[in-house]
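Undergrad: If you want the building blocks of each chain, they are given just below.
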Amino acid sequence: DTGVSQNPRHKITKRGQNVTFRCDPISEHNRLYWYRQTLGQGPEFLTYFQNEAQLEKSRLLSDRFSAERPKGSFSTLEIQRTEQGDSAMYLCASSRSGVLGGQYFGPGTRLTVT
Amino acid sequence: DQQVKQNSPSLSVQEGRISILNCDYTNSMFDYFLWYKKYPAEGPTFLISISSIKDKNEDGRFTVFLNKSAKHLSLHIVPSQPGDSAVYFCAASRGQLRQGGSEKLVFGKGTKLTVNP
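Protein chains in written order, with this note's numbering: chain A, 1 to 114; chain B, 1001 to 1117.
In short, the hints are calculated from the structure, not lab data.
There could be a bad hint or two in this list.
[Stated by the list, open to error] 16 Å max Cα-Cα, derived EDC-like pairs, lysine to aspartate or glutamate:
no.	chain 1	residue 1	chain 2	residue 2
1	B	Lys1038	A	Glu44
2	B	Lys1005	A	Glu52
3	A	Lys14	A	Asp63
4	A	Lys71	A	Glu52
5	B	Lys1109	A	Glu44
6	A	Lys14	A	Glu78
Remember, predicted model here, so these are calculated numbers, not experimental data.
So here's chain B without its partners, still in its complex pose (with noise of 0.2 Å):
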């Protein structure tokens, strides 16, 4: 059961254009949202994250947007740049340790962003 859903393997964008990248999840209990991006033979790079409590995080070109009715996020880069070609990956959580919750997190498959010169 894929609780987490990236349901675009792959996305091509022209440098200086948005590039939207979509999430969905299942599990009404996860209350914490992060993206990373991966290079290839390389581990994941934090890139932004979202508390349920908020529907809007932006950090430089990437923002984050929550849609908890929808059960949906998705991350925004603006301008894309050629060197943010990578594989995204959407991950959730339950919650806080000391709040009784559970930190792992939950990963999508991931989404191949291309951004063309």
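So here's chain A without its partners, still in its complex pose (with noise of 0.2 Å):
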């Protein structure tokens, strides 16, 4: 199977704690997205990537949060500090250039900050 992978698939950790998320895209996708989700909630865009370059950044990724994608391949999402309200679903997704087409979406890391 080539879709979207996410590593891991869960995550615990205590308050204060960093934590850092790994996707990796379908190969031949140039766009990488994260999305987060918590429950009773659709996706909300986090970040996004087209090969290297961070487009665009959501109001909700705050300076706590980072993400990269150094070769235009795998992403890496970083939170630092956490909090509990850090906790919900980190959603991965990615796509060939365009909109129609959708974009392809990972089982996601299910992140609980205790």
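The two chains are supplied separately, each in an independent frame; assemble them into the complex guided by the hints.
TA: Here is the structure:
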């Protein structure tokens, strides 16, 4: 299967710790997106890349959040000094150019901050 | 400010009948619309999309209708099958990157569809 993969699938951490998530997109896709989803809500946009360039960041992405896509392939999302409000499902998606072809989502990383 | 609204949290239909899922949006700058379905413990799965220059797009059992003047779109599933039971999300985008737009998707809160055998 050559879909989008995310690791880890689950992460439990204590408040104040740093966490890092990884996303491996579909290989021929040059766009990569990060979203966050909480219970009862739709996914909320965080940031996206075209190749290695970060093109847009949401206001939701405070200075504790940083994302990279160093070689235009996989991406990492780091959260520093985690807070309980960071508990959510973090979703990664990838796409070729254009919107109409859809963004293809991975299974997500569920973060629980205790 | 919820720019994409799915006002029905849930919908229940009988197998074989039509399912109609509705979505309203407030931002007139949106010009691409997509539907996703999501099963528990999985990421959303892309179903179908439509550009604002069209009013209908069909793919197998799925048809999306767009009414730009009413800022409303709907997803029709005919015939509905028990495997269609999932949460359905409507999403919108302000345009293509190469046209100076943004390809980020703005999602509604979802509608949980249950198809009863």
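Undergrad: Hints first: check each against the structure and report whether it holds.
TA: Results of checking the hints against the structure:
1. Between Lys1038/B and Glu44/A, the direct Cα distance comes to roughly 15 Å. Compliance with the 16 Å bound is thereby established for this hinted pair.
2. For the given pair, Lys1005/B sits about 33 Å from Glu52/A by alpha-carbon distance, which is inconsistent with the 16 Å threshold.
3. Simply put, Lys14/A and Asp63/A have alpha-carbon atoms about 19 Å apart, too far for the 16 Å limit, and the pair is violated.
4. Between Lys71/A and Glu52/A the alpha-carbon distance is near 6 Å, which keeps this suggested pair within the 16 Å criterion.
5. A C-alpha spacing of about 10 Å is found between Lys1109/B and Glu44/A, which places the hinted pair at or below 16 Å, so the restraint holds.
6. Restraint check: the Cα-Cα separation between Lys14/A and Glu78/A comes to about 15 Å, which is no more than 16 Å; the hinted pair holds.
Going through the hint list in order, the structure does not satisfy hints 2, 3.
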